[in-house]
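Residue numbers (our numbering), protein chains in the order written: chain X, 1 to 349; chain V, 1 to 252.
None of these hints come from the bench; they were simulated from the model. It should be emphasised that the depicted structure is a prediction, and the values quoted were computed from it without experimental measurement. For each residue, glycine too, the CB sits at the ideal point set by N, CA and C. Any given hint might turn out to be false.
What the hints assert, rightly or not - Only part of the chain V face toward chain X is listed, based on derived beta-carbon distances under 7 Å:
{"no.": "1", "residue": "158"}
{"no.": "2", "residue": "162"}
{"no.": "3", "residue": "215"}
{"no.": "4", "residue": "227"}
{"no.": "5", "residue": "230"}
{"no.": "6", "residue": "240"}
{"no.": "7", "residue": "241"}
{"no.": "8", "residue": "244"}
{"no.": "9", "residue": "245"}
{"no.": "10", "residue": "249"}
{"no.": "11", "residue": "252"}
As the list claims (entries may be wrong) - When the alpha-carbon atoms are kept at most 25 Å apart in a straight line, the in silico SDA-like pairs for lysine to any residue are as follows:
{"no.": "12", "chain 1": "V", "residue 1": "128", "chain 2": "X", "residue 2": "45"}
{"no.": "13", "chain 1": "V", "residue 1": "128", "chain 2": "X", "residue 2": "154"}
{"no.": "14", "chain 1": "V", "residue 1": "90", "chain 2": "X", "residue 2": "29"}
{"no.": "15", "chain 1": "V", "residue 1": "128", "chain 2": "X", "residue 2": "278"}
{"no.": "16", "chain 1": "V", "residue 1": "174", "chain 2": "V", "residue 2": "188"}
{"no.": "17", "chain 1": "V", "residue 1": "174", "chain 2": "X", "residue 2": "86"}
{"no.": "18", "chain 1": "V", "residue 1": "174", "chain 2": "X", "residue 2": "279"}
{"no.": "19", "chain 1": "V", "residue 1": "128", "chain 2": "X", "residue 2": "83"}
{"no.": "20", "chain 1": "V", "residue 1": "128", "chain 2": "X", "residue 2": "181"}
{"no.": "21", "chain 1": "V", "residue 1": "128", "chain 2": "X", "residue 2": "72"}
{"no.": "22", "chain 1": "V", "residue 1": "128", "chain 2": "X", "residue 2": "97"}
{"no.": "23", "chain 1": "V", "residue 1": "128", "chain 2": "V", "residue 2": "153"}
{"no.": "24", "chain 1": "X", "residue 1": "181", "chain 2": "X", "residue 2": "148"}
{"no.": "25", "chain 1": "V", "residue 1": "128", "chain 2": "X", "residue 2": "85"}
{"no.": "26", "chain 1": "V", "residue 1": "78", "chain 2": "V", "residue 2": "148"}
{"no.": "27", "chain 1": "V", "residue 1": "174", "chain 2": "X", "residue 2": "27"}
{"no.": "28", "chain 1": "V", "residue 1": "93", "chain 2": "V", "residue 2": "19"}
{"no.": "29", "chain 1": "V", "residue 1": "78", "chain 2": "V", "residue 2": "153"}
{"no.": "30", "chain 1": "V", "residue 1": "128", "chain 2": "X", "residue 2": "86"}
{"no.": "31", "chain 1": "V", "residue 1": "174", "chain 2": "X", "residue 2": "181"}
{"no.": "32", "chain 1": "V", "residue 1": "174", "chain 2": "X", "residue 2": "97"}
{"no.": "33", "chain 1": "V", "residue 1": "128", "chain 2": "X", "residue 2": "148"}
{"no.": "34", "chain 1": "V", "residue 1": "128", "chain 2": "X", "residue 2": "43"}
{"no.": "35", "chain 1": "V", "residue 1": "174", "chain 2": "X", "residue 2": "45"}
{"no.": "36", "chain 1": "V", "residue 1": "128", "chain 2": "V", "residue 2": "56"}
{"no.": "37", "chain 1": "V", "residue 1": "93", "chain 2": "V", "residue 2": "156"}
{"no.": "38", "chain 1": "V", "residue 1": "128", "chain 2": "X", "residue 2": "39"}
{"no.": "39", "chain 1": "V", "residue 1": "174", "chain 2": "X", "residue 2": "278"}
{"no.": "40", "chain 1": "V", "residue 1": "128", "chain 2": "X", "residue 2": "38"}
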Amino acid sequence: MPTDFALIGHQESWRAASDVLAVLRGPDHPPIPDEEVPEILPWIPPRAVCHIEVRSVLGATAHGLYIDSFIPPDRLDSCFLRENLGRVREAAAYASMEGAKIVSLGGFSSILIEGNLDRLFERTGTVFTTGNSLTVALIVQGMEKMCASQGRDLRLATLLIVGATGDVGSGAARCLAPRVKRVLLHARNPERLYKLAAELRLEGVIADVAPDLGHLPACADMVICAASLASPSLLLDGIAPGAIVCDAGYPKNLSPGSRGARVFSGGLGQVTAGMTFEPDIHRVLYHQPVPDVLHGCLLEGIALALEGRFEPFSQGRGLITAQRVQEIETIAARHGIHLAPSTCEKAIN
Amino acid sequence: MELVSCVHPSSTMPASLGVNALLWQDVLSQAVTGEMIAVLNYSSLAEICTGQEEVADALEHADSERGHAAAFAAEGAKRGIDVPSNVGAKYWKRLRAAFLRQIEARDFIGCLIIQEVMLESFAVASYKRIAQVAPGTMGTTFASIAIEEEDHIDHAMSILRAERALDPQRFDEKVYALHLEVMTTLAQMLARDDKDCNCELCPGGCVKPMLPNVGLTSSELRGASLQHYLRTLDALGLPGEMTLAWVAQLPV
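Use the sequences and the hints to build the structure in full.
So this is what it looks like as structure tokens:
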């Protein structure tokens, strides 16, 4: 069976890692004791852990692999950059050797490699995408849906984007900033921050930079966290009461209902025609109230595989445009890949 | 071949070697015993080889492994440590028995899989880790023997790759059957807690809890060994998701 796509990911908690190992051990073997998992996982080389079959509403089917890079959850940190890059590269090589036509990079893999995709091992016939365009599309859809459900007018909103200069943050800014009253941009790199603000102003956007989360003007009533927050309370103390907050960082660390904010998980989509994982690790990784949910970055590769467009759709950093976001959104929708319902309906406190 | 096991806490040791002397004695004992198992295995293999070149290869490997055993014993002698070996000790005996079953079946490929893929993976990976922390020339000896073990695997790997190409499914089933026996035994040897302390190589308490004293852990030795094993199976062309499930199912 041809390998249409491969998804490269890793687990963001020891609980999830334990659950994956338990599935691999099967029902005849007792689970590995929790305290043993951190001793075992770091030694596992990147490799496929399951086969995936995805169905399109148009009747097409795509076959793929989920490849775990086995980055230990406690090493998702810049001091392990070299080691983690090595793991992602090895996972990419594995995908190529398996003949995957398109490879989507999930979670931290995408963050690590988004500026270095050209340095991945590539065999003829394998292309890589960060998947960030569809992630942005699903974030935007989620914000729109939340606004509608809360009776808010997007045009009157002040939108704060945390992690604004990253691939997802800048893509979300380009899509949403022209549609709100004012945008506040936060990121660690001031040079890139001012550059993005200048770019948006050229489009007529009222864009301000907010380099310090501790001194926000407290007027932001819509927030996109495109970067994981070291101190969620710092953000939540500085935004308008009842603000809508899209937690799209990785790993997600804002809890629903935090300090009166209406927090929801952004960037998740659903394959409405269904998908099958063998062995079924999906059930232990996605504890969603609806089935067939995946992160947008992974769904981008799937959507492109179903479409038969094996191309590096999202590459580089800061190159995502509103047009490209709309394009991938249309492709995904054509195959029945939409915003996950739970994104808006279940996560609101 | 090296695997850490047990040593009697009251063994007499030169006082100058300190508390870690017991640990190094056991490390060397396991290494010597593993090498002697390899000597026996290659000697047995020579008996079922049909070509003169194959016989010569097997005997050469046996000689080489004997040299490794002597080198490890010499490291003990340098430090005044007696290095006992016991190829009849529980786990080693089981590994030898698995190999002999392949000999009885005159299954040359089965023999290579056990010795070159499974036992050598554990030897190379654990020797490399030990080399990083072992004192003085002992570290150098472990390092150089790890390299030698790794080097002589190449020829066997090309034979095994050719064999798999003939019938991948049959080959993979054979590897799995051997994995269940051999790798389960190796995993048990390196399990973190050997509560019964019944490895039968040494009469006393397990030294595994002492490993952190010298910057090692049994988990590290086990992890490095299984990683090496997985990569060796990858190099043979076995599907990675299948071999991962095999390894995930080993006892911990």
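To see whether the hints hold, each was checked on the structure:
1. 158: violated (19 Å)
2. 162: Violated. Min distance 20 Å.
3. 215: violated (15 Å)
4. 227: Interface hint status for residue 227 of chain V: holds (5 Å vs cutoff 7 Å).
5. 230: holds (6 Å)
6. 240: holds (3 Å)
7. 241: holds (4 Å)
8. 244: Nearest chain X Cβ about 5 Å off; hint holds.
9. 245: holds (5 Å)
10. 249: With a closest approach of 5 Å, the residue 249 of chain V hint holds.
11. 252: Where the cut-off is 7 Å and the nearest Cβ of chain X is about 5 Å from residue 252 of chain V, the hint holds.
12. V/128 <-> X/45: Judged against 25 Å, a Cα distance of about 18 Å means the pair holds.
13. V/128 <-> X/154: violated (61 Å)
14. V/90 <-> X/29: Roughly 24 Å between the alpha carbons, so the hint for residue 90 of chain V and residue 29 of chain X holds.
15. V/128 <-> X/278: violated (36 Å)
16. V/174 <-> V/188: holds (21 Å)
17. V/174 <-> X/86: The hint is violated at about 32 Å.
18. V/174 <-> X/279: The given pair, whose Cα atoms are some 23 Å apart, holds under the 25 Å limit.
19. V/128 <-> X/83: holds (19 Å)
20. V/128 <-> X/181: violated (62 Å)
21. V/128 <-> X/72: holds (23 Å)
22. V/128 <-> X/97: violated (28 Å)
23. V/128 <-> V/153: holds (16 Å)
24. X/181 <-> X/148: Distance of about 16 Å is within 25 Å: holds.
25. V/128 <-> X/85: Judged against 25 Å, a Cα distance of about 24 Å means the pair holds.
26. V/78 <-> V/148: holds (22 Å)
27. V/174 <-> X/27: Given that 25 Å is the threshold and the Cα spacing comes to 23 Å, the pair holds.
28. V/93 <-> V/19: violated (29 Å)
29. V/78 <-> V/153: violated (30 Å)
30. V/128 <-> X/86: holds (20 Å)
31. V/174 <-> X/181: At roughly 68 Å apart (the allowed maximum being 25 Å), residue 181 of chain X and residue 174 of chain V break the hint.
32. V/174 <-> X/97: holds (24 Å)
33. V/128 <-> X/148: violated (61 Å)
34. V/128 <-> X/43: Since the Cα atoms of residue 128 of chain V and residue 43 of chain X sit roughly 15 Å apart, the hinted pair holds (cutoff 25 Å).
35. V/174 <-> X/45: The hint holds at about 23 Å.
36. V/128 <-> V/56: Violated, because 28 Å separates the two Cα atoms, which is more than 25 Å.
37. V/93 <-> V/156: Within the cut-off at roughly 24 Å; holds.
38. V/128 <-> X/39: holds (18 Å)
39. V/174 <-> X/278: Holds. Residue 174 of chain V to residue 278 of chain X sits at ~24 Å (cutoff 25 Å).
40. V/128 <-> X/38: Answer holds: residue 128 of chain V to residue 38 of chain X is near 21 Å, not above 25 Å.
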